[in-house]
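Just so you know, the sequences run in chain order A, B and C.
No gaps in the numbering here: position 64 of the first sequence is 64 in the numbering used here, and each next residue is one more.
Basically the numbering used here = 1-based index in the second sequence + 105.
Basically the numbering used here = 1-based index in the third sequence + 617.
Keep in mind that the hints were calculated from the coordinates and are not lab data.
For every residue, glycine included, the Cβ atom is placed at its ideal position computed from N, Cα and C.
It is possible that part of the hints are untrue.
[Said to hold, decoys possible] Take a look, some chain B residues computed to stay more than 12 Å from chain C by CB distance:
#, residue
1, His150
2, Trp151
3, Leu168
4, Leu507
5, Thr513
6, Leu524
[As the list claims (entries may be wrong)] Some chain C residues close to chain A (C-beta under 7 Å, calculated; not the full set):
#, residue
7, Val683
8, Ile686
9, Ile687
10, Ile690
11, Ile693
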Amino acid sequence: MVPLWMYLAVAAALFSLGVFGALSRRNAVAVLMSVELMLNAVNINLVAFWRYSETSTDLLLNGYAFTAFVLIVAAAEAAVGLAIIITVYRNRRSVIPEEAAALKG
Amino acid sequence: MFESPTIAEFVTQSNLASTLPGTLLVAWTLLLVLVDLFAGDEREHWTPLGACLGLGVSFVANLFVYAPAADQQTALYGMFIADAFTGFLNIVILVATLLAVLMSRDYLMRAGIHRGEYYILTLLSSAGAMFMVAANDLIVVFVALELLSIPLYILAAFRSIKNDGGELALKSEESGMKYFILGAFSSAFLVFGAALVYGASGTTNIPQILEVAPAVVDAASSATFYLVVGTALLIVGLGFKVAVVPFHMWTPDVYEGAPTPVTALMSVTAKIGGFAALLRILVTALSVLLLVDGGVAAWQTTISIIAALTLVLGNFVAISQRNLKRMLAYSSIAHAGYIMVALAAAGTAGSADSATQGALVYILAYMFTNLGAFAVVMTIERVDGGGGNIDDITGLARSRPLLAMAMTIFMLSLTGIPLTAGFVGKFMVFAAAVQAGLVGLAVIGVLTSVVSAFYYMRVVVNMYLRDSSGELLPALETVYVRWAINIALAGTLIFGIFYPLASNLVSMVSIA
Amino acid sequence: MTILEFGPVSALLVISVALALIIANISRVMGPQRPTYRKSVPYESGMKPIGPATRRLPIKFYLVAVLFIIFDIEVIFFLPWAVSMRDLGVYGLTVMAVFTLILIVGFIYEWKKGGLEWE
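So here's chain A without its partners, still in its complex pose (with noise of 0.2 Å):
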């Protein structure tokens, strides 16, 4: 069988993966796909470890029902978002945060 570390070791390299995206796109619709790659690291790490916990049987599914859940959340984040970044579009021709100046930090 695949040692545990190796999933751990992937979604890890995917979730740095999105952090770098994150947070050197300036493109905020780049930003969410970043977003949605550290999420599903995430649902990798689950998955990996509610197969290899000593807990898990057939009825304790936690770490499955967090995935569902995970999955859903992200897909209810990324309509919001969208919606959202297009209208900020439509109304200045831009999606990257920093262009859109009416606000300074």
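Given chain A, work out where chains B and C should sit, using these hints.
Positioned in the frame of chain A, the structure of chains B and C alone reads:
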């Protein structure tokens, strides 16, 4: 094999009754969607009215469920916990939402964006906060956090170009976009942390994590590593939500750009949800994450440093702000710092209860005061976006003496002057910090409170002592906003003058 | 270390990539090549090309896509129920009915607001 229960068995086994405050609110909101959809334009006031009624129903349900139950009971097979902590924070959330709804209609009418969806999203967000304070499982923490946040993203971007064109709508949409990006980013951290804690302990249930954690820590294996990293990521994720330094960058922009009632709401309910989850996860589940020497939780140092940084940065940067909403945004960062002090104090064995009670009283005082301050700011804001600067309240004492008096009391309470609710909250938090042996942190807290007096008092000085240009500010607000200010004022004064009241209310709260 | 367990998967990966490359290039290598102007313009069902292929799609497609995402993903919750429907009995049916009711409220909202109209 799984024995499927009958419906009656399910209702009693799952203790469905103790989830009623939250579930009733959601059911009512769904009904309200249909009412709003079919009521038509001439009955547009049905939705805000229905929203207030729904909050009332939930409030009554909350009294029935929690008044007799000082003891803990879980619901939905351990997913929810119904204790005094939940009941108290539910009431705070409901009152905050009611005040925000009272403020909203006026603002939405002025901005030309009165739509029923606004109230529905507000109620859903509050229901999310209520589920979050009742969460007894990492899955529920995550889902409730998203139910709390996603409507707030939409609400922050609620002003639209179509109706009121120009700079304000752009600001609102941008603030929604920024809030969304940072919020989604932080929930990814939160859920990664939750996954690692689950991997280390084999369960997502918070009391069960408490049972398993000592063995995990003693084993000093890779599971210990997952637990520590998971805890750190959970703190990062929730730190973004409650806006503590260094995860606060989004706050001023989002608070300034969002419609004022939304800012008021999110500055209270989002923080309540975040801090409730932090208290539940850190104090209940991970209090056993001990360093080798003594009874201090391993995360206490981290939380203390975050609290100190938040206090210093929030209070000092607020001084240089000219825009009232931005100033209140930095002030809300600073107040998150004071609640963080209570959280750090909860890390010392034996002082978890007093620290939690301090945090709850602080949240109560902050809720009344902050919503009141935002309501006053809203009354002097003009539709074109002017009127939100600190110079614009010059001479308010002459044109609107009662409003100026209310604002003065809110500012005094935010500073923490005796006879206001803010003082009681700060007193309990600092007392808990000293009791927990965090004297240095308490001293930083007191000193930064003195600094905060500088920018809060500047508002008062502008209202009373500076000469205005002569024109009187017109009274723009409706009677609903006045009611919101009155309720906030009453709360601030009652809990300040009858100071044992608040501590009696939370005396049954125990979290560990 | 049992990396060899991935053997069949790796074989599949290699074969599928190789097959794709072969199919994509076989006609260029083996077929006759007599290019004319007509043949080398982009193929648009025999019509003359009328514009760049990467033009923007109407915003309506985005609305449909977003609505689809939501209702599509919710099906995840139906799947566990569907596979254990007989065990869960009336209890499972009631719980899923409540869930469906919530979805239907959203669907009514979408319909009434005109989210399903194309024009």
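*Indices of hints not satisfied (ascending)*: Every hint satisfied by this model.
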